[in-house]
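Generate the whole structure from the sequences, applying the supplied hints.
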Amino acid sequence: MSIELPKVSVKDLQEWSKLGEVFTSGHRLCAGCGAGSMARQVTLAAKALGDPYMFVNATGCLEVASTVYPYTAWDAPWLHNAFENAAATASGVIEAMKSMQRKGLMRERNVNMIVFGGDGGTYDIGLQSLSGAIERGHDFLYVCYNNGAYMNTGIQRSSGTPQGAATTTSPPGSVIPGKIVWQKPLAEIMASHDIPTFTASPAYPRDLMAKVQAGLKHDGPAFMLVDSPCNLGQRYAPDISMEIAKLAVKTCFFPLFYTYKEDWVLTGISSRLAKNPDRKLPIEDFLKPQGRFRHLFKPEWKNKLIEIQDTIDEKWERLVTKATCV
Amino acid sequence: MSGVRQVVGMTGDEAVAHAVKLVNPDVVAAYPITPQTIIVERYSDFVNNGEVDTSFISVESEHSAMSACVGASLTGARVFTATASAGLALMYEILYVASGMRCPIVLAVANRAFSAPINIHGECTDQLVCRDASWVSLFGESAQEAYDETILSFKIAEHPDVMLPAMFGIEGFIVTHALERVETLSKQQVEDFIPASRIVRDRFCPDENKTFGSLVLQDYYMEIKRQQEEAMQNAFKVTKDAMQEFSELSGRKMEIIEKYQLEDADYAFVSYGATAGNAKAVVNRLRAKGEKVGALKIRLFRPFPSLDIFQALSGIKAATILDRSATFGSPGSIVQTDIASALYGKEDVPSLHGYINGLGGRVLTLPEIEEVYEMSKEYNNIGMTSTTDWVGYRK
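Chains A and B, in that order, are what the protein sequence lines are. Under the working numbering, the first residue of the first sequence is numbered 18, with each subsequent residue one higher. Under the working numbering, the first residue of the second sequence is numbered 137, with each subsequent residue one higher.
Everything labelled a hint here was simulated from the structure, so no lab data went into it. Be a bit skeptical, because a hint or two may be false.
Under the rule of at most 30 Å between Cα atoms (straight-line distance), these lysine-lysine pairs were calculated in the DSS-like manner [as the list claims (entries may be wrong)]:
1. B:Lys346 x A:Lys115
2. B:Lys416 x A:Lys64
3. B:Lys157 x A:Lys115
4. A:Lys234 x B:Lys346
5. A:Lys292 x A:Lys315
6. B:Lys346 x A:Lys120
7. B:Lys416 x A:Lys120
8. B:Lys416 x B:Lys373
9. B:Lys157 x B:Lys482
10. A:Lys120 x B:Lys323
11. B:Lys346 x A:Lys35
12. A:Lys115 x B:Lys323
13. A:Lys339 x A:Lys278
14. A:Lys28 x A:Lys321
This is the structure:
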């Protein structure tokens, strides 16, 4: 069994945009926040499939900003329990519905369950609950939107924070220049559960939405890692979020791919970069516009920039070697 | 009345599992921990042998167990889980979510001491410290009471005036693993007692575009918490009524507090859980020596039956409170301080003598209980109205 990405055309997007928003206006996400774009794309892709959908959301920016009582931005069944347990909560919902359907207490039909968590709620505190739920095989698509730190609590480093990034708990000190270590390889960890795993960026909506639909069509758990630009925490002007997200892909800092068991497939820009390596942009192009990396451009940290570029090159090489391209 | 009574030999844990089987909840999400494990082992047998049609979620932690229960309960499902000690502590965060979101989850607690030092034996601290979590909280003395409270808890929790989760505790090994005589109920009796229909509530389901678990700030938070208090107050009457109905159904008298030879008593033991059995045995021994003593057993711990306890202890000179729980730097043992609050300022109430005992499964023998009884009398004789001692340990 392999994963097939549906082709999403511009015309499809035009049609889907008429379906009516699921994640509606009036939420309180920051101007420029990538999570809002991500949520609109994910929910619309789900709606376009036609089956009913439900959302479970871990504590985080998306949750806090969208459901300040007595308001909600969700025109959908939506549930928040706590920070570290979104996947466990979804497994309870899924099994309850199955059980009640068996007993005739609920109408039988396919429901697309999507779970949202940020990097804190997924890479860190929710990893056990997610891994457990995946091992048990509940049918959901887990979407982790990684904005690179605990942005909701004020920009503290997570294990999804990039190396070198300044956060309030990995400040650019005179001795230690921001976060010391590389990010946790979350997509690879999830993929090693033998489930369909996708990476996606809101800067490339057709790629993202195709992957959402492929994940939802899969019978069983699937995982998607979204690079979610955050102008507030990554420190750049709010009008260039999508540009930043594109640079993450074009520098191969955040390659777009999907994987399931033996298959590793590069998609979109990443596929093109694999075929045309000379088009790959230097990592400085991604780092320079962001205030969180500003300190790395001081002369004393020149070797850090080289180190980061080397790591990206090595990881990209490894991925290209094992991946095919679409 | 029950007609022909079936009598079966069961441990406390098995009694719980068999009672849950009769309820046949939609979801059981649980994680193994001694001394609770037998409950979920037996229940897994029922599931895998097709004797129930519950979805059993074998989660990877107690935190996820309670989280899955919350998710399942919000879809409108009937939900059960079981835990002990460290497992209950790991659930603690989500206990508040469960009650705050008004999920009538039923939780069996095999009361066990907390680490450190690590210990697997009976002690009720784990459940008592959940007193402020807005859960209905009951204790059982025996395998029979474990069986009965399992079924009763669903009735209380799901009552429309309550809609709060309920936990009941039985002491690790002392009750969970001891083989006892249990009178069982028929499936029909349980179905008559617990409504077949699921709770009527806003449900997290595909047909309703509703938001659950909002961020609620200064402007609404306190009103929502106040509703929980009102539900907890309602739980008091609901529990009394449910116990009355259960007594008629089972032919076994069930009350929120049990009074044993208290009518003419000058002195009283107050206890809960398995200790109550020892207290009653000591009452028999002391009565034989001519002591006018009785015993009060607390079955309902939350909501706390202040008035009933006041009435039961009214006219008593001194109360010996046997508390199998640990608290440090507190003005008294855990249950003692609740009783003191309930009696404060009232006329004709006993002096209160709390005894922290039996920690980590330590046995307070009947002679030792007689000794603390004498201590209480001494304290009372010299005019001490409130004392707290640790007893039954090597000094």
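Next item on the list: If any of the earlier hints don't hold here, list their numbers in rising order.
Entry: Hints 2, 5, 7, 9 and 14 not satisfied by this model.
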